[in-house]
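*Asks:* We have chain A already, so just place chain B on it with the hints.
Below are the chains, spelled out letter by letter.
2 protein chains.
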Amino acid sequence: MREKTVTEAHIDFSEYLDRRRLFVEQRLIGYLIATDPDILWQSMRYSVLSGGKRLRAILCLSAAEAVAEAAAVPPKENEVFETVMPCACAIEMVHASSLIHDDLPALDNDDYRRGKLANHKVFGEAVALLAGNALLLYANEVILTKTPSSVDPSVIAALVTELARACGPMGMVGGQVDDLAFTGSVDAVKSSSDNDGDLLLERIHCRKTGALIRFSLWSGAKLMGAALSELDVLEKFANTLGLAFQIADDLLDVTGDIKSLGKTPGKDVQAKKVTWVTVYGSERSRRRLKELENDGLALLDNGVFDPAATTHLKSLLQYAIHRSS
Amino acid sequence: MREKTVTEAHIDFSEYLDRRRLFVEQRLIGYLIATDPDILWQSMRYSVLSGGKRLRAILCLSAAEAVAEAAAVPPKENEVFETVMPCACAIEMVHASSLIHDDLPALDNDDYRRGKLANHKVFGEAVALLAGNALLLYANEVILTKTPSSVDPSVIAALVTELARACGPMGMVGGQVDDLAFTGSVDAVKSSSDNDGDLLLERIHCRKTGALIRFSLWSGAKLMGAALSELDVLEKFANTLGLAFQIADDLLDVTGDIKSLGKTPGKDVQAKKVTWVTVYGSERSRRRLKELENDGLALLDNGVFDPAATTHLKSLLQYAIHRSS
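Sequence order for the protein chains is A and B.
Heads up: the first sequence begins at 1 in the numbering used here, then just goes up one per residue.
Heads up: the second sequence begins at 1 in the numbering used here, then just goes up one per residue.
Isolated chain A, as found in the complex (with noise of 0.2 Å):
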């Protein structure tokens, strides 16, 4: 069989995503159709259900295929989805509860979130923070309750252990606390030794983004049975995936426009955030990033999985990396 054209690979990353996104999207209404209290729902809706890319849902679904595929009997795409999709959901609600949570006044105070006013904006700074909790509350319950039952309880309680962890102190909420202390001391940090900042970096996205990139194919692969060498792999991938994230991210709020980023662009440097785009420019961000595309493809052909298993998280990659939005 020949070699698929650059052209062709792309159209097929495509409909993949879209796939899987559409999956997800459906999932989500029907896991969000209560409505009582009314109010309370239509805020939590209103954020889960305002579109995005879907990636962490996403990673979830594609580390569990990936597993699968290496499998003696690999299930059917069906049955992967059926058991990682209450998960894969759950993650989708977390990282809304965060946005949620980041828009609000108290925080960065941002008034538009993917071009539709921010949660707070519509519901009021009261329902958007008890939003933000209940869509935290309900994400652990979707794990508990929606699982299928073939799956084993041990990995259940594993799922919202790591899920507390990844969002907790250690993780996503200490990491928007770490955002906080250092938003305004750019300067200071850049004046400091290259390790000492480099350290410092890693450390805030490796939490406030990182923890739940992490835990996305972690919890996939873990639903799937992986065993230890698949689940180590994607763990240094996710790490390395996470950090390209965050600065691919770092860097379109300075190149992005307000269209297709669908919030106000700048507001990193006018904030005097830490990021690698205000500590060490864009040029060197690039530089790293196209080093960190290297390391987790690399990572991903060391043995551990069939290589035709990983193609899809690779693209996930390049995806993280060169993504205008």
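Treat the hints with care, as some may be off.
Any copy will do: because identical chains look the same in the list, a pair fits if it lies in one copy or spans two.
[Stated by the list, open to error] Capping the alpha-carbon separation at 30 Å, the derived lysine-lysine pairs in BS3-like fashion look like this: (1) K190 / K4; (2) K236 / K259; (3) K116 / K190; (4) K290 / K121; (5) K121 / K267; (6) K76 / K121; (7) K121 / K272; (8) K76 / K116; (9) K53 / K121; (10) K290 / K4; (11) K53 / K236; (12) K53 / K314; (13) K236 / K146; (14) K259 / K4; (15) K146 / K190; (16) K259 / K146.
Hint data in this document are derived by calculation from the structure and do not stem from the laboratory.
*Replies:* This is chain B only, laid out in the frame that chain A set:
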């Protein structure tokens, strides 16, 4: 043996409460010694370790003790404590989380709590909001990782599922939304039929404070392997105690003083909040409290539990009703 005098029984019960409160405090300190990010854990500790009655944790312990006493070979007190303490402490963390968020300017905008500055007045709104989130997540982690391995994993999964429900849209967060939605509309509720008013009041109470109180008693009993008949009695008792606790709280808002309350009294009336007292007045609220006290005591004497096993649960109901803070 002669029956104890009222004074003797009162001293016994005070000792009972003090001893359990001390254990809970010590264990909470142990769970909260982390320091990274430092400001986040400081903020979490500030609110969790600021005193309080620890009523919810003690209800959890007392329900466990009542069930334990009925066992063929009753476990020792310290075995009961070891089994239940992670869950009892998690409940206090969730409760503290809700108080931090309630006090934020976006919600009740309170500057004081338990006679000390509110969390957001000390740490700022951003850290307070994130500390509330962190406590919600860490509570789950404590149940999942600190409950002794002798407890069946399916029981632990049930605890986390029910905690998410007790806190989520149909529980605490839903109650906070209702509370907001009906703040200011006390006149409209007063002029509605008694039946509608009752239903609305019970719905708000049932969620806002009732759900976590129900979880406290249920989880303690469940951890000790309670029979369905025991869980059933305790659920009804929890509903009675939860409502009584809330009406007593509403009464304290009009009769309490700032020193013993540790917060500004009269705020419900000022904000035209829908409470038993603002809708029906103090007289009728006191009558309802008396009914609830009688109902609650009768429930525990219906033959499912040995009367001696529920002495402390009965005292806890009376304490919830007759307290001065």
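*Asks:* State for each hint whether it applies.
*Replies:* Verification of the hints:
no. : hint        : in the structure
1   : K190 / K4   : neither (45 Å within a copy, 73 Å between copies)
2   : K236 / K259 : neither (34 Å within a copy, 55 Å between copies)
3   : K116 / K190 : neither (34 Å within a copy, 39 Å between copies)
4   : K290 / K121 : neither (38 Å within a copy, 45 Å between copies)
5   : K121 / K267 : both (19 Å within a copy, 27 Å between copies)
6   : K76 / K121  : neither (43 Å within a copy, 55 Å between copies)
7   : K121 / K272 : both (25 Å within a copy, 25 Å between copies)
8   : K76 / K116  : neither (38 Å within a copy, 59 Å between copies)
9   : K53 / K121  : within (22 Å within a copy, 37 Å between copies)
10  : K290 / K4   : within (23 Å within a copy, 79 Å between copies)
11  : K53 / K236  : within (22 Å within a copy, 46 Å between copies)
12  : K53 / K314  : within (17 Å within a copy, 54 Å between copies)
13  : K236 / K146 : both (29 Å within a copy, 28 Å between copies)
14  : K259 / K4   : neither (33 Å within a copy, 77 Å between copies)
15  : K146 / K190 : neither (47 Å within a copy, 41 Å between copies)
16  : K259 / K146 : neither (37 Å within a copy, 48 Å between copies)
Hint compliance for this structure: hints 1, 2, 3, 4, 6, 8, 14, 15 and 16 are broken, all remaining hints hold.
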